[in-house]
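Student: Sequence:
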Amino acid sequence: MKPLLPLEDAQRRLIAMAKRLPSETIPVGEASGRYLAKDLVTKRSQPAADMSAMDGYAIAFDDRNGPWELVGECKAGSPPCLPIKKGQTARIFTGALLPDGADTVVMQENVKTDGAIIHLIEDPSPVKSRHVRHAGGDFSSGDIALKAGTKLTAAALGHAVIAGAGTVTVGRCPKIAIVSTGDELVAPGDDTQPHQIPASNDVMITAMLAQLPAQSRSISRIKDDIESLCAALESAQNCDIIVTIGGASVGDHDLVAPAFKKLGGKTDFWKIAMKPGKPLMAGQLGDSLVIALPGNPGSAFVTATLFLLPLIRYLAGAGDYMPVMQSAITNSLLPATHQRAEFLRAKVDSSGITAFDSQDSAKLSVLAAANALLYRPAQSPEQEKGAKVSYIAI
7 MKPLLPLEDA
17 QRRLIAMAKR
27 LPSETIPVGE
37 ASGRYLAKDL
47 VTKRSQPAAD
57 MSAMDGYAIA
67 FDDRNGPWEL
77 VGECKAGSPP
87 CLPIKKGQTA
97 RIFTGALLPD
107 GADTVVMQEN
117 VKTDGAIIHL
127 IEDPSPVKSR
137 HVRHAGGDFS
147 SGDIALKAGT
157 KLTAAALGHA
167 VIAGAGTVTV
177 GRCPKIAIVS
187 TGDELVAPGD
197 DTQPHQIPAS
207 NDVMITAMLA
217 QLPAQSRSIS
227 RIKDDIESLC
237 AALESAQNCD
247 IIVTIGGASV
257 GDHDLVAPAF
267 KKLGGKTDFW
277 KIAMKPGKPL
287 MAGQLGDSLV
297 IALPGNPGSA
307 FVTATLFLLP
317 LIRYLAGAGD
327 YMPVMQSAIT
337 NSLLPATHQR
347 AEFLRAKVDS
357 SGITAFDSQD
367 SAKLSVLAAA
377 NALLYRPAQS
387 PEQEKGAKVS
397 YIAI
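Heads up, the final residue of the sequence shown is numbered 400 in the working numbering, and it's a clean run with no missing numbers.
Hints should not be assumed to be uniformly reliable.
Pair ranges (Cβ atoms, derived) [said to hold, decoys possible]: (1) Asp366 to Glu233: 27 to 35 Å; (2) Ile123 to Ala399: 25 to 33 Å; (3) Asp363 to Ala161: 35 to 43 Å; (4) Lys272 to Ala161: 24 to 32 Å; (5) Gly325 to Pro89: 30 to 38 Å.
Derived by calculation from the structure, the hints in this document are not laboratory data.
Backbone N, C-alpha and C define an ideal beta-carbon position, used for all residues, glycine too.
Generate coordinates for the entire structure from the input sequences, incorporating the hints supplied.
Tutor: Structure, rendered in structure tokens:
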């Protein structure tokens, strides 16, 4: 019997099959969730000049004890007010440019006014430049603001705009076809007979893709005959990735592999040393990458997390595309593993991580209650409660 392919080897081989998609330049306001295709270089410095971080009075630090004559007012969004000299101050507001001659701001709570004379009532500044944001203190013109591969989150987009960007160059969104197979499947919400089941997997996988820069379409409830499956696969060959769900094993009605072969597809690997998800298959059909996910919901979810989502992120230009492993203390006794890596549906909270008693990959109730996949490498010894373990947040 051919040995199962180790999980990490399968992940590497899948990415090795792929090529980054071409980039495109789009308005920054339309780039949420996309990945930068090249470094974003700042076009300006921030702040562009020294400015106040507080409402108060601009002074020269060497003249810090006052009193001072009030000679001007500096507002945010206005050019600098007139320079100040020794014994003078200017009223200043948060975000306003410091006038020439000033290098420190005294908080308004620390002074009292007597007409145009401002008196110190508390020490305004034990150090020079208190309450001043200096020119270039955040970044300078010509700096790399965001590196290629960065995901454009809300904060990253704000940074891009303040750095002077009106457009950004990002990786193109992959096109994904989701093909779910099985004679037993009926449309969501339809009445079912005992031998039928609602088609939940394509809805679940589509929802997972909604968190990524991807364009997906569902080709759902394909019957278990090779001609129907071949037609569905052929209709999806304009996509970057074709995802099939179900029919990836070796039973008489598991037709994904025969259909794939009939259409001239090239299988790269099939059967992974992981649980759940052993029957996963990957290959290429024309210009499309194909991932065949198992049909049990738990298996489909785990393999999509470990293979499909990283592949989409890679194609779209992500610098970090693999799942992020975190650590927690286990509240469960974890049995030893054998030749397959295991991903246990689990709940993580402030007390640690607890694996569910049932790990049946057909149970969506367990998957829906989980917020983590507890990772157990192949050939792991038994782990007592209190041991540190790795997990992927879901």
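Student: All hints are to be evaluated individually against the structure, with a verdict given for each.
Tutor: Hints, one by one, checked against the model:
{"no.": "1", "hint": "Asp366 to Glu233: 27 to 35 Å", "verdict": "holds, 33 Å"}
{"no.": "2", "hint": "Ile123 to Ala399: 25 to 33 Å", "verdict": "violated, 60 Å"}
{"no.": "3", "hint": "Asp363 to Ala161: 35 to 43 Å", "verdict": "holds, 40 Å"}
{"no.": "4", "hint": "Lys272 to Ala161: 24 to 32 Å", "verdict": "violated, 42 Å"}
{"no.": "5", "hint": "Gly325 to Pro89: 30 to 38 Å", "verdict": "violated, 47 Å"}
Of the hints listed earlier, those the structure fails to meet are numbers 2, 4 and 5, in rising order.
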